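Just need the whole structure built from these sequences, with the hints factored in.
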Amino acid sequence: IGAEKMSHQDKTAPFRALISAMDLEQIREETGTDDPLTEGTKPGRSGFMDIYAAKARKYMAASGATVEDFARVAAKDSRFAAMNPKAQFQQERTIEEILDSKKIIDPLTIAMCSPIGDGSAALVFCSEEFVKRNSCDAVQVRTITLLSGIPGGASCNERGAAIAYQAAGIGPEDVSIAELHDAASPAEMFYIEELGLCGVGEGPQMIRTGQTDLGGRIPCNTSGGLVAKGHPVGATGCAQIIELVEQLRGRAGKRQVDGARVGLAQNGGGWLVDDTAATTLTILAR
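Numbering (this note's numbering), first residue to last: 1 to 286.
There's no promise every hint is true.
Stated by the list, open to error - List of simulated lysine-lysine pairs, DSS-like, C-alpha gap at most 30 angstroms:
(1) K102 - K132
(2) K102 - K86
(3) K5 - K86
(4) K5 - K102
(5) K132 - K58
(6) K58 - K103
(7) K102 - K55
(8) K86 - K254
(9) K132 - K11
(10) K102 - K58
(11) K103 - K86
(12) K132 - K55
(13) K55 - K103
What the hints assert, rightly or not - Computed Cβ-Cβ distance ranges for the label pairs, DEER-style:
(14) K102 - N134: 36 to 44 angstroms
(15) E97 - E129: 45 to 53 angstroms
(16) D258 - V131: 23 to 31 angstroms
(17) Q90 - R251: 16 to 24 angstroms
It should be emphasised that the hints constitute simulated quantities derived from the structure, not laboratory data. All figures in this text were calculated on a predicted structure; none of them were measured in a lab. Beta carbons are placed, not taken as given, at the ideal position from N, Cα and C, and that holds for glycine.
Laid out in structure tokens, this is it:
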């Protein structure tokens with residue numbers, strides 16, 4: 001079971017809670033203060049948006065990605081969320097609307113950032129024997145891989161993907177659908193590269209040609225992702241698994257991925273120097 005109550009009458013309270021998932025000693029060294037909400041991070045946004053924005057700017061310089069590409073990701077996810085009755089935001093947005101929304105920190109607009117929200121999700125695991133006895137419409141867990149970040153080393157996603165694919169007996173080319181931890185829209189592009197779902201530097205072209213959309217090579221975040229489906233932090237990982245299970249069972253309705261057989265969920269938390277503090281990769285199959 002995962003659950004989170006993030007809404008609060010004090011609008012800065014959730015951001016203060018989120019900042020505790022960072023290396024506070026590092027923040028003190030870099031900002032000279034114990035309060036990153038007033039120094040180095042503008043009140044009214046999560047400090048993680050500063051991290052995502054910095055990664056996005058670096059990624060743009062390296063790959064040729066544009067802010068319009070990030071808006072394409074957000075627009076795609078809004079289309080999925082509009083078909084998801086459990087999504088926090090169920091209204092489709094255009095690329096132009098996303099680009100014109102409130103500026104948060106370059107290059108992010110508010111429509112590219114995951115919202116504050118409340119939610120819960122639950123999973124039920126059972127043995128193969130139980131499935132056989134009860135004729136359950138079960139989905140197989142091929143692997144669950146958990147890694148910690150290593151400052152200055154390869155990313156959690158890169159290291160974790162190699163371990164997870166080997167444990168599951170598959171390659172990235174076998175993945176039918178992915179749920180990614182896109183707390184900001186540019187993250188989808190980082191992660192499809194880090195997880196080997198496309199080559200390094202190919203993320204922008206994947207987005208521009210619709211390869212992560214319904215009918216594309218590897219549909220991503222058919223739930224709407226964290227930006228549109230919502231990101232009640234403690235429930236997010238379970239919610240990703242639920243979306244994959246619904247897809248693999250063929251019960252996702254209008255957002256159903258045809259022939260989905262293998263699903264990958266990537267969920268991360270915290271920040272340690274230059275990488276996610278911990279990442280979990282789950283591979284499910286029918």
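Problem - Holds or violated: K102 to K86, with C-alpha atoms at most 30 angstroms apart - result: holds, 25 angstroms
Practice task
Would you mind confirming whether the straight-line C-alpha gap from K103 to K86 stays at or under 30 angstroms?
Solution key: Answer holds: K103 to K86 is near 27 angstroms, not above 30 angstroms.
Handout entry: Whether the CB-CB distance between D258 and V131 falls inside 23 to 31 angstroms
Key = holds, 25 angstroms
Practice task
Take the C-alpha atoms of K55 and K103, compute the straight-line distance between them, and say whether it is at most 30 angstroms.
Solution key: holds, 17 angstroms
Problem - E97 versus E129 beta-carbon gap, inside 45 to 53 angstroms or not - result: The hint (45 to 53 angstroms, Cβ to Cβ) holds, given that E97 and E129 are roughly 51 angstroms apart.
Exercise for the section: Determine whether the Cβ-Cβ distance between Q90 and R251 falls within the hinted range of 16 to 24 angstroms. Expected result: holds, 18 angstroms
Problem - 30 angstroms limit on alpha-carbon distance, applied to hinted pair K5 and K86 - result: holds, 16 angstroms
Exercise for the section: Below or equal to 30 angstroms on CA atoms is what counts here, so check K58 against K103. Expected result: It holds: about 19 angstroms lies between the C-alpha atoms, which stays within 30 angstroms.
Practice task
Would you mind confirming whether the straight-line C-alpha gap from K132 to K58 stays at or under 30 angstroms?
Solution key: violated, 50 angstroms
Problem - Restraint status (C-alpha distance of K86 to K254 at most 30 angstroms) - result: Roughly 14 angstroms separates the two Cα atoms, so the pair holds.
Problem - Distance restraint evaluation - K102, N134, Cβ atoms, bounds 36 to 44 angstroms - result: violated, 50 angstroms
Problem - Pair hint outcome, K5 versus K102 [Cα-Cα no greater than 30 angstroms] - result: holds, 25 angstroms
When the structure is compared with the earlier hints, violations turn up for hints 1, 5, 9, 12 and 14 and for no others.
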